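Here the protein sequences line up with chains A and B, keeping their order.
Counting in my numbering, the final residue of the first sequence is number 108, and the numbers go up one at a time with none missing.
Counting in my numbering, the final residue of the second sequence is number 114, and the numbers go up one at a time with none missing.
Keep in mind the hints are simulated off the structure, nothing from the lab.
Warning: the hint list may mix true and false statements.
Each computed DMTMM-like pair below joins lysine to aspartate or glutamate, with the alpha-carbon atoms no more than 25 Å apart [claimed, not checked]: (1) B:Lys50 - A:Asp48; (2) A:Lys6 - A:Glu63; (3) B:Lys50 - A:Glu36; (4) B:Lys101 - A:Glu77; (5) A:Lys6 - A:Glu36; (6) B:Lys101 - A:Glu36; (7) B:Lys101 - A:Asp55; (8) B:Lys101 - A:Asp16; (9) B:Lys101 - A:Glu60.
Taking beta-carbon pairs under 7 Å as the criterion, some of the chain B residues facing chain A (in silico) [stated by the list, open to error]: (10) Lys43; (11) Gly44; (12) Leu47; (13) Leu49; (14) Phe91; (15) Tyr100; (16) Lys101; (17) Phe104; (18) Gly105; (19) Ala106; (20) Gly107.
Bear in mind that the values here come from a model prediction, so they are computed numbers and not experimental data.
Even glycine gets a Cβ: it sits at the ideal position worked out from N, Cα and C.
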Amino acid sequence: GAGVSQSPRYKVAKRGQDVALRCDPISGHVSLFWYQQALGQGPEFLTYFQNEAQLDKSGLPSDRFFAERPEGSVSTLKIQRTQQEDSAVYLCASSLTIRSGANVLTFGAGSRLTVL
Amino acid sequence: AQSVTQLDSHVSVSEGTPVLLRCNYSSSYSPSLFWYVQHPNKGLQLLLKYTSAATLVKGINGFEAEFKKSETSFHLTKPSAHMSDAAEYFCVVSGINDYKLSFGAGTTVTVRA
Chain A
-7 GAGVSQSPRY KVAKRGQDVA LRCDPISGHV SLFWYQQALG QGPEFLTYFQ
43 NEAQLDKSGL PSDRFFAERP EGSVSTLKIQ RTQQEDSAVY LCASSLTIRS
93 GANVLTFGAG SRLTVL
Chain B
2 AQSVTQLDSH VSVSEGTPVL LRCNYSSSYS PSLFWYVQHP NKGLQLLLKY
52 TSAATLVKGI NGFEAEFKKS ETSFHLTKPS AHMSDAAEYF CVVSGINDYK
102 LSFGAGTTVT VRA
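Bound-form chain B, shown alone (with noise of 0.2 Å):
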């Protein structure tokens, strides 16, 4: 079985500085790791995923996560926040076969001008 915790429920950041969203994931093999991003009224958005290649994967408008095996970690960062950022976002876990999605509680970010 696997789990992730996402460890803030809520972030806020200023516009134009960086954003870090933290999640910790739980896995008894080889995991896919995703993050998601739910805008309100839209549906859920693939920002990037991780699936054994590169630890560090890059995705849509700027964000990128870095997976550490070691911390069983999976960050997702953007150097410079803006407006539009401001969104739901889930860490999700399933294991390299399994069709499931396990989601994380989900961080609100807010975005202050």
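Only chain A is shown next, with the shape it has when bound in the complex (with noise of 0.2 Å):
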């Protein structure tokens, strides 16, 4: 496609359920990339992928955060047993080169989480 494509754009989860988020990246793009912005802050790295090996994960902020890209194109970033803390816009950006930190990032518009 011709942008990063991200859904659900706004998901409200009841504490304790279980959410996922979709990102479609550009098509062709090697690197893709999950962030964490929480409200008023900026955006803060979760993990990356490399096609479809995650070569990072640092940035989960716990085990309950879980990614996914099974087949080096769509990814899912999924989220267990929801805690209010949890409540962010989700960030999901896609490059065309690996690694190099010239590298522009396309950036989707976001899942918003909140958790009641």
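Assembling the complex is the task here: the two chains are given apart, and the hints tell you how they should meet.
Here it is as structure tokens:
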């Protein structure tokens, strides 16, 4: 597609529920990133995929967070047993090349999660 | 490790006047620096990037930024603000061979008619 698509755009979950957030990157983009943006703050790195390989998951806040990209294109971020502190906008980004701080990332509009 | 500090959480300007958004960075090696803009309900959009070439970087929509190593700064400017410039702006740093981006806390720009 022309851009990075994320769904759902808005999700309200009751505390303890599981949620799944989907990211469709730009076709052919090798690298895929997830970031978490809490209200009033800048995005923070969660995890990085190169094709289907998850090369870095050091930013995932707890073992309740899990991300996958099984075929090297669509990615899903899953949060189990959601807590109120998980409320945030979850941003997905992709880039054509691998590694390199000079990469330009294309971001999706984000999925806003509210945990009640 | 690298980090950025955006010195102003909120900037208000009149339409047609200059805009200055201040950013200081910290990096143990040659950084790549970016400015991204975020409009409500829209994805982050790249304004410009610095990757060790020219220190004065021109971006989209009339924005430019100057990399000053001696001051560890990367301030964003625009000569004349437009109403459509109202948005959240993020200064971002990464290492030259590092895929992780470190974002500042953001600066909210409002433009008065």
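Proposed interface contact between B:Leu47 and chain A, which counts if any beta carbon pair is under 7 Å: Where the cut-off is 7 Å and the nearest Cβ of chain A is about 6 Å from B:Leu47, the hint holds.
Hey, B:Lys50 versus A:Asp48, does the alpha-carbon distance stay inside 25 Å? Holds: B:Lys50 and A:Asp48 sit about 24 Å apart, inside 25 Å.
Is the shortest C-beta separation between B:Phe104 and chain A less than 7 Å? holds (3 Å)
Take the C-alpha atoms of B:Lys101 and A:Glu77, compute the straight-line distance between them, and say whether it is at most 25 Å. Holds, at roughly 23 Å.
Given B:Leu49 as an interface hint, is the shortest Cβ-Cβ distance to chain A below 7 Å? violated (10 Å)
Taking 7 Å as the limit, does the beta-carbon of B:Lys101 come near enough to a beta-carbon in chain A? Since the shortest Cβ distance to chain A is 5 Å, the answer is holds.
Hold the hint about B:Gly105 up to the distance rule: shortest CB distance to chain A must be less than 7 Å. holds (5 Å)
Would the hint on B:Phe91 stand, with a C-beta cut-off of 7 Å toward chain A? Status holds, d = 5 Å.
Is the hint on B:Lys43 kept, meaning its closest Cβ partner in chain A is under 7 Å away? It holds, given that the least Cβ distance between B:Lys43 and chain A is near 6 Å, below 7 Å.
At a threshold of 7 Å, is the proposed contact between B:Gly107 and chain A supported by beta-carbon distances? B:Gly107 check passes; min Cβ-Cβ to chain A is 5 Å, inside 7 Å.
Are the Cα positions of A:Lys6 and A:Glu36 separated by 25 Å at most? holds (24 Å)
Any CB of chain A closer than 7 Å to the CB of B:Ala106? holds (5 Å)
Going through the hint list in order, the structure does not satisfy hints 2, 13.
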